[in-house]
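**Student:** As a plain string of letters, each chain reads:
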Amino acid sequence: MDFDVSPGGVILPQTKLIVPGVWKPTRVGAEMVWHDLPKEAKKLFDRFFKAPTLKEKIVMMAGSLGNFSSKAYLDMLYGNTAATAVTTHNLHLYTSALDDTFTGATAGKANYTSYAVLQLTNNTTIFAAGSGTTTYTKTWPSDAAKTWATSTGGATPSITYLGDLDGNLGTSADHGLAWTDVTATTINNGDTPQLAIGAVTASLN
Amino acid sequence: VSDEYEGRLATDGNGNLLAQDGDRAGEPVAYDEDNDNFVFIGWDEPSHNQRYHKQNAEIVITQDQDPDAPGYAGTADDPIHPAFFSVQEDDPHYDPEAENNTRLRNLPDSISPRVSSHTHQHKIKAGE
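Top to bottom, those sequences are chains A and B. Per the working numbering, the very first residue in the first sequence carries number -12; after that it's consecutive. Per the working numbering, the very first residue in the second sequence carries number 9; after that it's consecutive.
In case anyone wonders, no lab produced these hints; they're calculated from the structure. By construction, the Cβ of each residue, glycine as well, lies at the ideal position given by its N, Cα and C atoms. Among the hints, erroneous ones may be present.
What the hints assert, rightly or not - For each label pair, taking beta carbons as the anchor points, the in silico distance ranges come out as:
1. A/G119 x B/P78: 16 to 22 Å
2. A/N67 x B/D11: 46 to 52 Å
3. B/P87 x A/A142: 24 to 30 Å
4. B/N109 x A/N176: 54 to 60 Å
5. A/T172 x B/Q73: 17 to 23 Å
6. A/K125 x B/D42: 40 to 46 Å
7. B/D85 x A/N67: 43 to 49 Å
8. B/D11 x A/M63: 33 to 39 Å
9. A/N192 x B/D11: 31 to 37 Å
10. A/T143 x B/V47: 23 to 29 Å
11. A/Y65 x B/K62: 47 to 53 Å
12. A/T172 x B/A33: 25 to 31 Å
Stated by the list, open to error - Rough simulated footprint, nothing fancy, chain B against chain A, three-plus residues with beta-carbon under 8 Å:
13. 60 to 69
14. 74 to 82
15. 99 to 112
16. 142 to 152
17. 165 to 175
All chains, full assembly: derive it from the sequences and hints.
**Tutor:** Encoded structure:
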């Protein structure tokens, strides 16, 4: 406890104002007076109790950062090791599962005739600022839908995963940045795989 | 000077297929179905996608939070997209002995650049 000293030298307990926070009804409290509440008040309480939390409102995607990204972020936070931002994101379509260890040499990439990696310049036009505090969320592509190359035949892969790499050498030197699974989509001759605006949501708690 | 291109490929997201190797890296190319190869084209010519596009195939990320949003995976007990909850047994990377039932296969660096995102990817037979 803190103390004040009066002009006469008397030690007095320091008084502090207790500032109440925003009043929020509890379920128990509402139930106690439920029968006396007017209809409009009941509606208001219902909306309050049933409203999702911020976290629940965010559409959480399946997927993860790659080991390379996790290490870069932790080394930046603890150790002051600067993380170098990639200049270009290289997005590949996969027909088999990915995990945090994937690299450019991981098998399962699409291979229909004319298939090619989708390269997105790492800027705030395509990856605009996100929103949220408790959970920070970025949704992209921000500017326009993005397409892979149109199939001109050959294989008809069923795409089930999407992987983001930091290079396009096609070898283990390309590091896996992040990955996610996608709804199974078959690519036939003449099909152009496409990411709609805002198709990808990435968030960190 | 041949206009044919052999090497790694990339797309810019706007319909252009681009050469990745050699002195002309970054220039647009397109598939030539008569000769089953890729040739350089001018920026003012129809792009690869403009020549062959019939319809879009939307790539949709799965999620389990909003039943009304695209890609809703359902629940673990009643899945719509089972792969959201676990790697499926028919997945080439499924391994019941591995962590998360996933064991990735990685190709040798001497082979992997030609297997995908390459002008010759469709000419590689299974097992090569």
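**Student:** Run every hint past the structure and note whether it holds.
**Tutor:** Taking the hints in turn, this is what the structure says about them:
1. A/G119 x B/P78: 16 to 22 Å: holds (20 Å)
2. A/N67 x B/D11: 46 to 52 Å: Since A/N67 and B/D11 have Cβ atoms about 51 Å apart, the given range 46 to 52 Å holds.
3. B/P87 x A/A142: 24 to 30 Å: Cβ of B/P87 to Cβ of A/A142: about 27 Å, so the range 24 to 30 Å holds.
4. B/N109 x A/N176: 54 to 60 Å: This hint is violated: roughly 33 Å between Cβ atoms.
5. A/T172 x B/Q73: 17 to 23 Å: Distance hint for A/T172, B/Q73 holds at roughly 21 Å.
6. A/K125 x B/D42: 40 to 46 Å: holds (44 Å)
7. B/D85 x A/N67: 43 to 49 Å: holds (46 Å)
8. B/D11 x A/M63: 33 to 39 Å: violated (46 Å)
9. A/N192 x B/D11: 31 to 37 Å: violated (52 Å)
10. A/T143 x B/V47: 23 to 29 Å: Check passed, 24 Å falls within 23 to 29 Å.
11. A/Y65 x B/K62: 47 to 53 Å: holds (51 Å)
12. A/T172 x B/A33: 25 to 31 Å: holds (30 Å)
13. 60 to 69: violated (count 0)
14. 74 to 82: holds (count 4)
15. 99 to 112: Answer holds; 9 residues pass the 8 Å Cβ test.
16. 142 to 152: Per the Cβ count (4), the hint holds.
17. 165 to 175: holds (count 9)
In this structure, the earlier hints numbered 4, 8, 9 and 13 are contradicted, and the remaining ones agree with it.
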